[in-house]
Structure formats: C-alpha cells, structure tokens
Amino acid sequence: MTRLMAISPLLVVALGGVLLMLAEAFSHRREEGDVRHTGPSSELALGTAVTLLAGAIMAAAVWMVGPEKLETLPGLAPYYVADRFTLFFTFTICLGGALAALLAGGYLPEHKLDRGEFYPLLTFGTVGAILLAAAGDLLSLFIALETMSLAVYALTGFRRTSPRSTEAAVKYFLLGSFAAVLLLYGGALLYGATGHTDLAGIRAAIMHPAAAKPANLALVLVAAALILCGLAFKVSAVPFHMWTPDAYEGAPTPATGYMAVAVKTAAFAMMLRVLVGGFGDGALASWAAGWPPVLALLAVVTMTGANLVAGRQESVKRMLAYSSIAHAGYVLVAVATIPRASEEAQASVMYYLLAYTVSTIGAFGALVLCGSRGAEAVSYEDLAGLGKRHPAVAIAFTLFLLSLTGVPPTAGFFGKWYVAKTTIGAGLYPLAIVLLLNSALAAYYYLRVLVYMYMRDPAPGAPIAKPMRSGYVVGALVIAGVLVLALGIWPTTPIELAVQAALTAR
Amino acid sequence: METLRTLFPASNFALLAVILGLPLLGAFVNGVFGKRLGKEGVRAMALAAIGGAFLFSVVTFLMLPHAAAEGAPAEKLVWNAWRWMSVTGRMGQSIPIDVAFSVDAMSATMMLVVTGIGFLIHLYSVEYMWEDPGFARFFAYLNLFIFAMLVLITGDNLAVLFVGWEGVGMCSYLLIGFWFTDEKNASAGKKAFIVNRIGDFGLILAISMLVYYVGSLTWNGIEANAGALLTPVKIWPIGNLSAETLPGFLAKILIPAKPVQVYASTLVGLALFLGCAGKSAQLPLYVWLPDAMAGPTPVSALIHAATMVTAGVYLVARLSVVFLLSPAAMATVAITGVATALFAASIGFFQTDLKKVLAYSTVSQLGFMFIGVGVGAFAAGFFHVFTHAFFKACLFLGAGSVIHAMHARIHDVNKSQDMRNMGGLGRYMPITRWTFLISCFAIAGFPMSAGFWSKDEILWKAFSNLPLAPPASKTVPMWAWPANLGPAIYWLGILAATMTSFYMFRAYFMTFHGKFRGWEIVKGWKAPASHGHDDHAHDDHHEAEESLEGPTPRESPWKMTLPLVVLATGAAFAGFLMAEPIHIAPLGHLLEPVFEHASKAMTEREGAKGLMWPMMLPGLGAFLAGTGAAMYVYLNRAGEPERAFAASSPRFYKLLVDKWRIDELYDATVVGMVDALADIFTMADKWIVDGILAKLTAGVVALLGTILRAVQTGRVQVYAASMVIGLLGIGWFIVQPHAAATIDDTKLKQNGQVVLAAAPGLGYSYLWEGPGIPPAKDYSPVNQLSVRLDPGEKKDIVLHVRNAFERETTTTIPLARAGAKRMGDPGQNQVPEVRQLPTGPIPGERIQELLKPGGFQ
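So the sequences go chain by chain: A and B.
Heads up: the first sequence runs through residues 1 to 506, numbered per my numbering.
Heads up: the second sequence runs through residues 1 to 857, numbered per my numbering.
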C-alpha cells in the first residue's frame, strides 16, 4: 500500500473519475432543454472539483513527505517518474481542472448543455495531463498525450447543436492528429537512432556517441525537429497555433478555460521533460545550433504575432484565446533560457504557469459570470457599462485582467518579472526586451476591456450582457482571486518550491 | 495589579495590543457592517471600543514602572509585535525595524488624553451626528483615527510613528471632507492632505538621515547614538560641483571660498521640524488648519485641536535629544513658534466665524507649545499640549453646542457659525455658556487655571533657559544661542497672550452676551413640516427672508453637555498636575526621567535668578489687558469700537479679516507655478505623446494585426500548411550547420592570449585556419583554439564547421589587440606591457574604499 503513495495523486483522480462516471450513468439523466434549473451538473461539478482538489492536496502531501523517501512500484520508473517536478505540475493541473469544473457547474445548466459526460471527460483528461507531466518514456508520454487530447477534443465539440463547436472540434482533431503523428514519427526515429525509448537512455546515447552502438546523429537531429514541431503544436506556438482561436472560441467557456490552463500546463511539462531530460546535453542544447534558438525564435514570433492579432479582435473570448497564445510565448522565453540558467529558468516556467493558471481561469470565469443564457458576453460591446451595472463582477474581471497584464501586486506581475529576471540574468537581453515590449502591447487589449466596462455606456438598444447567478462560478472566482493576490504578495515561497521541483540538468 | 504585572511584564506588554486593537475593531465593524448594525449598534460599538481603550490606558498608566523615583533609569513598557524589515546601514550593519510599541510617562499621558477626550467626544458626537445619514461612516473614521493616533504615540520607533502619522493624516482628510458632496469641504480636505505632504517630505528626509547617521530608528537607539549627529556635513557646493566643473562667472557666484558645513543634527532637526510644522500647522504651513474646520465640529475638537495637531509637538519632545544637539534647530523651532503665535492671534482678531476664531487660536496655541519645546522646556511644552487638549476641546464642543442650537432655524453652515448672528445665548444655554467661559479663562491664562500654569511655565522658561552648546568639532563652529533671544521670545509671547485673551473674550461676549441676533424669537414656534432638521445641505431660502422667526434657542441634551462639564473641570484644574512654581507637580515628576538629558543641557540665564514670581506679572497683565479691552469693546459698547476701527482704516481691517491674504499669496505663487507646469505637461502629453507617438504606434500595430489576422481564414488546410511551414523552418535550421564562436579575451591585455571556443552542435566537427595556426588536415572534434596576439596586431581566424549531415559552413573571426605596434624581439615587448597594466581590480577597490565608513564626507 505504501508503494502506491508516490502515485496517489494520480490514483485519486483516476478513481474519482471512474466513480463520477458511474454516478453519472446511474443518475436520472435529464434531457436537454429541461426548464428546471438544477441538473446533474451541480452535484457532478462539485464531485469533480472535490476529486481534483483532492488530487492537488495529495500532491502537496506527497511533497511534504518527500517523494525521494517513498518506495515505488518496481518497473514504474521511466514510465511514471514520481519526483517533485511531477508533483508540482500535478498540483497546478489539478487546481486548474478543479476551477474549470466549478465554472462548468454554473455554465452548463445556464446554457442548457447540462449533460453529465462533461465531468468524466474532464477528469480523465486530467489523468492524461498528470501522466504527461510524469512520463519519462516516449511510450507512456504518447499514451498520456492521447488520453488527454481525446478528452479535450470531445470537450471542444461538447456544444453539439452549434456548428461552430463541432467545426472547432473536427479542426482540432485533424490538426492534433497531425501533430501527434509528428511526435510519434520523431519518437520512432529516436528509437531507431539510439535504441531507447526512455528519455534518460536517449540522452545518454546522444551524449556518448562512442558507446557500444553509436547513435546516428543525423537521424537524431531530424527526430528533434519533428518532436519540436509536435511540442510547439501542443503549447500552440506560432505558426502551429492556428487551431487555437477556433477551438477556444467553439468550445464551451469552461472547456476553453480547461484547455487554456490544464492542457497547456501539461504540454509545457512534457516539453520540459523532453527538452531537459532527453535533449539536455550540451550539443543539442547549444545556443548556436540546438533547440534553444529555435524556441527563442518561436517565442518571439508567438508573443508578437499573438499580441498583434489579439488587439484586433472584437470578441473577448477570442481575445483571451490569443492572449493565451501570447502567454505561451512568454513561457517559451523562459524555456529557451534553460541551458543558460537551468533551475531558475525552470522555476520561472513553473511559477509562470501557476500564476497563469489562476489568472486565466479567473478571466474565463469572469467572462462566464458576465453572461447568461441569451445574453452571453461575447464582444467588447456586450460589456459596455458593466462596471456601473454590476460592480462586483467587473471588479473580479478587472483583477484577473490586471494579473494577465502583469500589474503588481498580482501573480501575473511576478510571473513576468521572474521570466524577465532569468532572461536578463542569462544575458539574453534582446529576448528580454522583446518580452517587455510585448507585455506593453498586451496591456492595450486587456485594458480595453476595462475601458468598455468602466468608461463606456452601452449603445441604446444594443444587446448587453446580463450576469448569471451561480455559487459555483463565484466560488471559483473567489478561489482564483485569492490565489492571484496571494501569489502576488508572497511570491517567494512558490518560487522556492519550484526551484526544488526543477529537473536536474545532469 | 500584581496579576496584571505578571500577565503583562514590562518587556512584553501585550496589553497595548488590546488598546490598539479595540479602536481598530470598532473601525472595522462600523465601517463594514455599520449599515446593518443600525445606529444603536454603531453607537454601542464605537463607545465600547474607545471606552475600553480608555480603561486599559488608565491601567497602563498605573502600571508604569516607578523606577525613576529610585533613581534608576526610566523603564518603559514595551511590546514588540513583529519584525517588520531590516535595512543595511552605512557601516554595513543590519538595522532591524520592528513593529514595536512602548509606553513611558509621556506617551501614557498622551494615551490618556487621546482615549479620554476621545471618549467624551465620541459621546458628544453620538448626539451631534445622530441625524446624519453617514452616522456609521463617521464613527468608523473616528475610531480609525483613535487607532492611528495611538499608533503614533505608542510607536517605539520612527517608522511605526510614521505609519500612525500618515494614518491620522488620512483620517483627518476623510473627516474634513466628511460632507464631501460640498465642493468646499472636499477641497479643504485636499488642501490639508497636500500641505501635510510637504511636511511629510521633511519627516521622511529626517528618517532617512537618522538611519544614515545614527543607524537606528528606535527611541533608545537614537538616544544612545545621537552623538553621531555631531558630524559636520558639507551642504554646499553639492556633489562634485566645484570651480573646475562650472563656467567661470557661475563659479564666482556659486562657489564660496570655504565649503558651507553644518552639523548633521541641525539638518535632521530642521527636517523633522518641517514635518512637525506641517502636522501642527506652523508658519508657513498653517494654512490647512483653519480650512479643516469644514469638517463636523466634534472632529475639529478631537483632531484639529486636542490630539492630531499636537503630534508635531509630541515628536519634537520625543526626539528632544536630536534638537538639543543643535541650538540652531531649537532656535528655529522657538522663533517659528512665537511668530506663529503672534501671526495667528492677529488673524483671530476680527474673524466672525466662531469656529474660525477657535481654529486660529489653536494655531496660536500650537505656536506657544513650540516655543516651549524650542527653548528646551520640553516638559512645559508637552504640558501645554495636555492642558490645551482640555480647554480647546471644551471650546470647540461648546461652539458645536451653539451651532447645534443655531441649526434650529438657520441651516446654512456659514451663517449658523457666524457670531454676528448669535449673541445673548448665555441666557438660553447656561451650561454651554459657563463651560465656555471657564475655558476662555483657561486659554487666556487666568491665574490658577490650567492654561495659566502651562503658558506661564513656557514663557518663564523662554525667559530663563539658555541652551548649552553641545561639544562641537574644531573646524565647524556651533551656532550659539544669543543671550537676548530668550527675553525677546518672552515679550513677544506676552504680546501674543494679550491678543489671545482679547479675541477669545471677544468671541465669548459676541456669542453669549448682548441681544440675540439670529432670528425673531417667537414662543411656541413650530417648524414647518417639510423642513426636517437632518438636512445639512444649503437650504437658504429661509435666509432670503428679511426677518426670520424661530423658537427659543435650547440647551443641548446631556450627551453633549456632560463632555462639556468634564472638559471644563479639566480646564479649570488640570494645571495643578504640573504647577511648578507652587511645587505641586505630579506629572512633572513623572515626566522627569523622559526629559532627563534635556534638563542637563539647559542652564539658567544670568540675571534670571529669582525673577520667576515677578515675571508672572506681565502674564497676568496680559490677561487683564486683553480681557478688559474685550469687555469694554464687546460687552459695554456692543462692538462699536470695532466698527469705528474698520471705518477709520478699512484697508488694514480688511487685510486682517482676509487673514493677511496668505492663501491668495500661495495661490498666486506655489499653486500658480504648479498649475502652469501642469499645463505645459498637459500640452506636451496631448500633442506629442497622444498625438504623434500614440497614433503612430497604434496605427502600425493595427496594420500588422490586420495583416496577420487575414491569414486566419478558418480553412483547416491553411492551418495545416502553416504547420508545415513551421516544420520546414525548424527542419532547415536544424539541418543547417551554424558556425559561431565565443571569444574569451580576459587575458588579452595581460599577455595577448585569446581563447576561441566554437559553439557546440550535435555531430559537429571543426577545422581552424589562420595565421600562426598549424594547418590541420581534416575536421576534428576539437572546438577550442588558443591564439596569441602582440600589441597592435590583428588576426583573422577562419572556422569551418561540418555537421552530421556532412554539410559545411565557414565563419571569419577578426581578432585585434590595442596598443602601439612594436618591432623587435618579444622580450622587449613584455616590459612596457607590464608597466601599462591597468591592473584590473583597482577600480573595484576604489569603490570599496568609498563605501567604508567615513567615506562619504
């Protein structure tokens, strides 16, 4: 039993998912279009949130015990690496998932999408995400990736009657398959070149070409290029990002929030595992010819491109989609500096993802709260005058947008600050300058929401958003808001924890 | 008592947490739940909080260690809450700054005043503000003020004091602008805040200098290390300004033959005093206090008369050790004090607004307090704070009671406070009248009243004290206190006291004697139903009518008169707590250890011995002259001489009524200058920043965004194509070889050695070419190359790189070394090289040198 302790966060979530599925199956299913307000969602949403928060708490508990001290199952090692890195990401992912589930508890009944399968999908997607953060082997990595992706595809198309939702799901599925193929092909080539599927073995084979069976380095390079493309797709870096706005806009907003935080966090965990664990040796992580310059270029293109387009959006939800792309760009900056400043850079990635998780889920949650059935908040115009009509909602939205902008004392500010600090510390001044310019650019479209909420009055006769009433959404916003401020006021503790969680570069 | 002593030992006196916590709790509860609690609940909360704080303050006062009596050093009750932060001093030492509170005799007395008078004023306000819609908000602010004031007086270091200092400033701002819907009140609040900021700048400066020179912010630390303040500081020319760095004619004007040096203690003292002058409304920063009377009258009584405004005096007394080290700073304090006392008294002469008269008398009395602390009579100055709190609070509350009565018929704020509309109220409001009269006697210095003892003590000390010059350095002479400065201050103080008794009794007679001028009194008059008493808004159509009818003015209810009676009792008898001339001075004994060092630094002026009793006579004369004149003019002749004076010299009279037009002067100079500057910046912002820069960048960004957006067509094929482009780009980058090298030239200047390291890459092999490099046959994994350069030599190194795909590329690295090219054998080259070595670490060492103690002088 004690051997299961190390993987207890995963087990809690997985078992919870099975139970939720059973509960959903045996509960009285209600048809769509029922006029009564409470549906199966309410209980299931709470169950899911509790399950995922339990996962997060288990992760914290295992952290306190110390995963190094725990005995694990034999043979688990490369397939599920039970280290602090996994625990940190498990915590972030579960937190994001739990908040998304709470949002769904308010959103789905309000918009007559009250079907119970949302929650098992979300829970199993989270299982995939946790596995992905823990995978130290290309085989389990791929399985985890597909587990997560399939759940998310289904969540994207959850709004069955909406052609836009269905279209988004199909597009996401097609392109996602494409990216998965690139990853798989890259993995196969790596296996061919090195004879290993576990990342540590691959790394050893690359580092010591004079070993028993020398690796075919040309093949390794091709494989690296393919895998980088697959990773870039999953974190939606420009130019692999084009599915993102469509999928984010088509999916129901809680699912969008889930994709923007939990899925993206897991994808970055995978990226760190592969790049630091597998491709971390000096030759492949070279600043002249390896993956760091590729990522730096991707980061610059991603930040700039996403911010430029985000400024031109009329839909707030689509703007948030582009903003999540831009944030991926900021994180990529930190990832690119890992060869120069290993622990600090990884810690800044992890802190950023944590800060980004609470801010983004809060922003999507505030957007959910702003709208009700038939009067959903979509465009900037819908939000005009919200600050006067519904000050509490507007204040919450403002807090999260300020955090996304990076205004102290919010979590977002310290996220950006740590990334900029490591980048400057690593001597990559141009990258830091581009990052800071881009944050200024991003302020334009975040603050534009505030301008509409507080300084504009709705045009006479124009549709205006009517806030919904939901304890779940409010609860999620309160949790997220407290965390945004807490992370912003006491940023050093999470950063210290993240430094402990960093993967060793050796 | 013994139980309490064990429960709260002097070194960890957590009872202070209760005293501080109660008002804070009250503020929180009333502020957040005030609307729901209802008026009764708010009243209970506010009174309980302050009453509790008062009771515990009494306990604290009784528990003060009486070690002083046995000759031991004064002990304090200390509560160290938590470590706030720690800063690094100039010696590199760590200076802890704690959230710590301590109580000694002075702060305990202040605590009693603040919570005791605060409680009475809370009780009074319950009645006064009962009809106000902002009842809960008012008490939340008032409780918050008490909390901040207690932080100010119990803080054990300047940092905590500063928190309280700013806190009372904020509460004052909130309460002055309490009826913020009126433009006048809101701008009075702003004025108070902004003028105080000017003073706060000085205080912050003083705090920084104390950290720098003394290395401590706690009272004990400052006292222990104050000697460090006797450091001469060069104040002009500043920085590296010197005859060399300036053009000739400027140098002649600006650079004196000898640099101007003053003592750090003078700088710190003056900066501190700037802060105190702001908070305690001294020249030239007094302008905010008269306007602050726009707030509710209990606020004027509590904050702008009895407690907050005396914080400056408290701070000077608290940091007396700093001032004693600088006779110049003390003289500044004393002279500013006497000038303010005179100046404010002259303005008070012909004001017609009852609250304005009291406001200027407050400014004037604060001047007296500063005379006290300025001439080294810290205990006397502080005692005047104490007595003034009683009689001035009583006067203000009395004025509030009168205004309350006037509100029965006159709702306009200005007219209900105008003494020309009053008169004869003594008949209708006996309690208010008698308490007001007692307080007038006290403030005018009637013998044996509270004001007499404190004021005469101050003036006597001004006459007799001569501050000793502290031991000075030989190079910079210490400014010495001239022998006749004290008597000059004394006689000017007597003049101010005469004026005080005149205008105070003028106010008394105009308000309570003569014929009632407010309205036609009609017995059994009933208010028209539509006009409730609760609207404080301007309601002036009544006043438009020529003759106004109204009811008989009524005495205020007991909640308002009880505080008046208590305070008037204090005004009459509180003086006996420190009646030094007749040797009844329990408070004086208590304060002795606090100002022990101060008494040592003072000496009695020659020729003052034995003159104490005779020198009281001018004070008595001042009272008689002022009061008699007021009685003659306003009681016997009903103000006729004032009108005659106004008619004979109208311009001077108008100047006094317009308060010397200082506000107009400030408007024209300081405010006007700032406004002009703001206008310039606004223009620049509008045309350059918003006009050109913003439009241009926004246009470019929008254009790029539109172009990029056009790619997002929604067709999945385009999306896939974009991914393929990304894949091809990454693939191309990875397949392509990249030749780059880092150059390590740290040893270039020493021996001409440069180490080149080619950037690594997976499967890369390298080939180096260049002059002086042995030619290699083929690519090898060696990625480092060491090159030697002679001075002035240039070399081009060529790096060939081949990658795993057998693709090759080349780059050229130019290397050069500065210095003259020398011919001859390398052995000779070495010698001059060594000589011209800049020896790397030296600049760094210089900086270290500067950072050492004593480096910056």
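It is worth saying that the hints were derived from the structure and are not from the lab.
Worth double-checking, as some hints may not be accurate.
[What the hints assert, rightly or not] Straight-line distance between alpha carbons at most 25 angstroms, and here's what the computed DMTMM-like set of lysine to aspartate or glutamate pairs gives: (1) B:Lys695 / A:Glu381; (2) B:Lys749 / B:Asp690; (3) B:Lys526 / B:Asp132; (4) A:Lys388 / B:Asp182; (5) B:Lys695 / A:Glu314; (6) A:Lys388 / B:Glu183.
So, going through the hints one by one against the coordinates:
Distance restraint check for Lys695 (chain B) and Glu381 (chain A): the Cα-Cα separation of roughly 23 angstroms lies within the 25 angstroms cut-off, and the hinted pair is therefore satisfied. For the suggested pair Lys749 (chain B) and Asp690 (chain B), the alpha carbons sit about 50 angstroms apart, so the restraint of at most 25 angstroms is broken. For the hint pairing Lys526 (chain B) with Asp132 (chain B), the CA-to-CA distance comes to about 22 angstroms; that is within 25 angstroms, so the pair holds. As the CA atoms of Lys388 (chain A) and Asp182 (chain B) are separated by approximately 23 angstroms, the hinted pair is consistent with the 25 angstroms bound.
Of the supplied pair hints, the one linking Lys695 (chain B) and Glu314 (chain A) holds, its CA atoms being roughly 20 angstroms apart against a limit of 25 angstroms. Taken as a hint, the Lys388 (chain A) and Glu183 (chain B) pair is honoured in the structure, with Cα atoms around 24 angstroms apart against an allowance of 25 angstroms.
Taken one by one, the earlier hints fail for this structure only at number 2.
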